[in-house]
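**Q** Each chain, written out:
2 protein chains.
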Amino acid sequence: MSTSVYEQRRENLKRLLTEKEIPALLISHAANRYYLSGFELHDAQCNESSGWLVVTADGGDSLFTDSRYEDAAKQVWNEKDLFIYSANKFQLVAETLRSKGISTLGIEPKALHLFDYDKLNSQFSLLSTDNVVEELRVIKDADEIRRMDASIALNHELFDHIGNFLEPGQTEEQIAWEVEKYFREHGAEELAFSTIVGVGPNAALPHAIPGRTMVRDNDLVLIDTGCRLAEYNSDQTRTFWVGDTPSDRFKETMDLVRAAQQAAIDIIKPGLTFLSAYEAAYAVFENAGVARMFTHGLGHGIGLETHEPPSLSKAAKGILKPGMVVTVEPGLYDPQWGGIRWEYQVLVTEDGCRVM
Amino acid sequence: MSTSVYEQRRENLKRLLTEKEIPALLISHAANRYYLSGFELHDAQCNESSGWLVVTADGGDSLFTDSRYEDAAKQVWNEKDLFIYSANKFQLVAETLRSKGISTLGIEPKALHLFDYDKLNSQFSLLSTDNVVEELRVIKDADEIRRMDASIALNHELFDHIGNFLEPGQTEEQIAWEVEKYFREHGAEELAFSTIVGVGPNAALPHAIPGRTMVRDNDLVLIDTGCRLAEYNSDQTRTFWVGDTPSDRFKETMDLVRAAQQAAIDIIKPGLTFLSAYEAAYAVFENAGVARMFTHGLGHGIGLETHEPPSLSKAAKGILKPGMVVTVEPGLYDPQWGGIRWEYQVLVTEDGCRVM
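Going down the list, the protein sequences come from chains A and B. The first sequence runs 1 to 356 under full-length UniProt numbering. The second sequence runs 1 to 356 under full-length UniProt numbering.
If you're looking for bench data, these hints aren't it; they were derived computationally from the structure. Keep in mind that the hints are not guaranteed to be accurate.
Copies of the same chain are indistinguishable here, so a pair counts whether it falls within one copy or spans any two.
To be verified - The list that follows gives simulated cross-link-like pairs (lysine-lysine, DSS-like), each with its CA atoms no further than 25 Å apart:
| # | residue 1 | residue 2 |
| --- | --- | --- |
| 1 | K317 | K119 |
| 2 | K317 | K89 |
| 3 | K110 | K89 |
| 4 | K314 | K89 |
Construct all of the structure, not just a fragment, from the sequences and the given hints.
**A** Following this line, the structure appears as structure tokens:
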């Protein structure tokens, strides 16, 4: 990717920092760091320790990392603003920033451990900030949309493959591993999250960990999965019928779920409240007398993280804007029977939305 | 695993808390939480948010998590001491602990975000602690050694498989994926860390990310990999020669590396300083005039985390004790040529050590 994408995002951040009177921001949240620098997201969902980025409101920016990541950093970052620490991390950060006249430093309290805070606090006047970079990330730029389209395209391919693959005798675990292998062998860096596979009643569990339950003839199988490709996540759910003829209950429930999904997609456009999107799907279920079986929100933002703002749910406040990418994933669940969920990701456009 | 293993560990922790005058400890580090409760390590290396455990010095213990993990928690934890939060996390923690008379709470500063600290700080008198649970974890108990033996056995099997698998024309990426597939298809939960595969000169890179470099006939291939099985990590390195007859340089370098490794293993026993173990390997290289090509420490502790205390290196302070498990992984590197590393894990026994 061209460096200028990251420069552009840092320019946007600098404007926001100026507005908020934050002279410099230490970015310790890995997805935020990657968004602003292109530096090292791989495995970063598991690892906050591979580096810190400091962006100033009106001066140069600095990237700090250790020698393991030096080569990767040099590929995306100017060497003169790159600082490699070993045991001297806090001293190097303090000296570097002080030499640039920085004495007040914004921090990300949800992504900074107390240990690091204490060390920095003895050197700087620290300002807690609230989702500054996340505020930018909620609107996807053209580079991000390109990558998300690629990630989602592979997710669609995966479900074509899995639709042909499923047969009686397979366990949930085996199906989950087939999903992961397919993603990995077709270009994904890794799963976006642990795949959910629920056979029959297990499909009604909110957090179904794939187990030894076996698919039998005439079973339903719910699969909720996604991949990370070019660093961006996809997240899709399908519910399959394994057998010749779906049961009436399966068909009726599926029709309702798809109708609820379509009702939301039909009205999603800039200016719509998050709550209204949720309510559009809810109304379909309410009219059919099954609303109590819809036990979660309608969707969530997605991008560098699988779950990011906004949330399309009962308690959500705010309105949709062009460039937001959200999941639309209504479902109906009965612990005695099973569940059906169908999930797309949609991009809010200037005058509506596009199912990705 | 039997619950009593976890109870026993909590008893040990309670003694340590009493000694250190910490009335209660909030455990937010996922590996520590799992060690003391059996609750939910899977994916926890990426996720600190699935729950908090509070262990008191002389009273009951409490586990806090959200509804996604309720079922998993009930499998290992008494329901009356299990607390499920949604948006009310901090309120629930505060009320529960206050009702038990807890007003002073130890915390783990390297595993607690500032955001959480601030919320807790308004309710409790907080005490920063330093590796209290890690102090216990450094000595592995019988249950842990059983699991580590299983994890390491699979790692040995993997290298038997890979020795037969390697051939000219394969890329580093392809080899890394074969490693991961083998582990996953033979019972491992996941990789212990991102597999390192270095062909030829790439073997000399400290953090070789598997790329498109292809193995040719008469190439060396360094593979450093491990798996997580029954939640415990293995970590092993082998360096292979692909071709009929290894070069003289390969053979000579390999002999030195194996001799250095053996020199350390020969003297590892309780009471030996970490430094002396390192120096035993170093001396072999020094006598051969190649010590400058040995650019890292000799080894590290391993268990629920791939890298944990102790460290066997130049700067390390402390002595080996029965029950410690450490890697012994000398290597020699030349960026123009390549590198050879060979890594075992050893368990310190009452009178020496056992290569696992």
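**Q** Hint by hint, say whether it matches the structure.
**A** Hint check results:
1. K317 - K119: Close across copies (23 Å), not inside one copy (36 Å); limit 25 Å.
2. K317 - K89: between (40 Å within a copy, 21 Å between copies)
3. K110 - K89: Answer is both: 20 Å inside a copy and 15 Å across each meet the 25 Å cutoff.
4. K314 - K89: between (44 Å within a copy, 19 Å between copies)
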